[in-house]
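Working from the sequences, and respecting the hints, build out all of it.
In case you want the letters, here they are:
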Amino acid sequence: DAGVTQSPTHLIKTRGQQVTLRCSPKSGHDTVSWYQQALGQGPQFIFQYYEEEERQRGNFPDRFSGHQFPNYSSELNVNALLLGDSALYLCASRPTGTGELFFGEGSRLTVL
Amino acid sequence: RKEVEQDPGPFNVPEGATVAFNCTYSNSASQSFFWYRQDCRKEPKLLMSVYSSGNEDGRFTAQLNRASQYISLLIRDSKLSDSATYLCVVNGGGSYIPTFGRGTSLIVHP
Numbered sequence: 001d002a003g004v005t006q007s008p009t010h011l012i013k014t015r016g017q018q019v020t021l022r023c024s025p026k027s028g029h030d031t032v033s034w035y036q037q038a039l040g041q042g043p044q045f046i047f048q049y050y051e052e053e054e055r056q057r058g059n060f061p062d063r064f065s066g067h068q069f070p071n072y073s074s075e076l077n078v079n080a081l082l083l084g085d086s087a088l089y090l091c092a093s094r095p096t097g098t099g100e101l102f103f104g105e106g107s108r109l110t111v112l
Numbered sequence: 113r114k115e116v117e118q119d120p121g122p123f124n125v126p127e128g129a130t131v132a133f134n135c136t137y138s139n140s141a142s143q144s145f146f147w148y149r150q151d152c153r154k155e156p157k158l159l160m161s162v163y164s165s166g167n168e169d170g171r172f173t174a175q176l177n178r179a180s181q182y183i184s185l186l187i188r189d190s191k192l193s194d195s196a197t198y199l200c201v202v203n204g205g206g207s208y209i210p211t212f213g214r215g216t217s218l219i220v221h222p
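Same order as they appear, the protein sequences are chains A and B. 97 is the number that the numbering used here gives to position 97 of the first sequence; each next residue is one higher, with no gaps. Here the numbering used here runs 112 ahead of the position in the second sequence, where the first position is 1.
A hint or two may mislead.
Claimed, not checked - Computed, partial: chain B to chain A, Cβ under 10 Å:
#	residue
1	P120
2	Q143
3	F145
4	Y148
5	Q150
6	R153
7	P156
8	K157
9	L158
10	S161
11	L199
12	N203
13	G213
14	G215
Claimed, not checked - As a list, the in silico DMTMM-like pairs of lysine to aspartate or glutamate whose alpha-carbon atoms are at most 25 Å apart:
#	chain 1	residue 1	chain 2	residue 2
15	A	K26	A	E54
16	B	K157	B	E117
17	B	K154	A	E75
18	B	K154	A	D30
19	B	K157	B	D189
20	B	K114	A	D85
21	A	K13	A	E75
22	B	K154	A	E105
23	B	K157	A	D85
24	B	K154	A	D85
25	A	K26	A	E105
Derived by calculation from the structure, the hints in this document are not laboratory data. Glycine is no exception: its CB is placed at the ideal position from the N, C-alpha and C atoms.
Laid out in structure tokens, this is it:
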């Protein structure tokens with residue numbers, strides 16, 4: 001049973017560019033959430049998707065957007081990249097109604 | 113005041129020691145609580161949920177104090193393999209939006 005998978009694992013972008021990160025949830029999980037983790041900090045909640053809709057959103061600007069597909073996989077898009085967007089981006093999935101999060105290994109984004 | 117606060121440490125302890133971490137939260141409506149473990153440059157993994165009555169899993173004991181709004185994690189007989197960052201997570205209300213603390217770093221040395 002595959003766990004949560006994310007791609008790409010590492011990427012380098014320059015300021016102003018756009019990036020798309022992808023996530024496949026654990027089998028049987030229908031809720032996907034995204035997090036930004038800066039070095040030395042805990043993960044910060046970006047948003048959560050369920051039934052292909054954004055259900056909750058954290059304190060992130062509109063440059064951060066996402067999507068969930070019918071197979072429950074998800075994408076995170078970040079436009080107009082800033083240096084401060086450099087971080088580890090984590091995807092987590094869970095069955096709806098439960099609290100335990102299962103994380104992918106993350107996508108490490110560096111913005112130059 | 114941050115929503116979830118943890119002492120970042122590091123806590124540097126010898127093998128066999130007992131170590132305790134505390135985490136305070138500001139939202140009195142918070143409903144569920146967890147401890148996650150994160151190894152260096154890896155993803156967080158659930159260590160244990162925290163129940164109102166307190167719970168134990170082997171060498172690990174978690175407790176919740178709703179009146180004072182804090183949770184704790186006690187690790188007994190520390191092993192070298194316990195070296196990691198321990199993240200406190202609090203879910204507010206019914207939306208299951210998790211708020212993470214910044215983590216407490218534990219280093220267990222021989």
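Right, here's what the structure says about each hint:
no. : hint              : in the structure
1   : P120              : holds, 8 Å
2   : Q143              : holds, 9 Å
3   : F145              : holds, 9 Å
4   : Y148              : holds, 8 Å
5   : Q150              : holds, 9 Å
6   : R153              : holds, 8 Å
7   : P156              : holds, 5 Å
8   : K157              : holds, 7 Å
9   : L158              : holds, 5 Å
10  : S161              : holds, 7 Å
11  : L199              : holds, 6 Å
12  : N203              : holds, 5 Å
13  : G213              : holds, 5 Å
14  : G215              : holds, 5 Å
15  : K26(A) x E54(A)   : holds, 19 Å
16  : K157(B) x E117(B) : holds, 19 Å
17  : K154(B) x E75(A)  : holds, 20 Å
18  : K154(B) x D30(A)  : holds, 23 Å
19  : K157(B) x D189(B) : holds, 21 Å
20  : K114(B) x D85(A)  : holds, 21 Å
21  : K13(A) x E75(A)   : holds, 17 Å
22  : K154(B) x E105(A) : holds, 6 Å
23  : K157(B) x D85(A)  : holds, 24 Å
24  : K154(B) x D85(A)  : holds, 19 Å
25  : K26(A) x E105(A)  : holds, 12 Å
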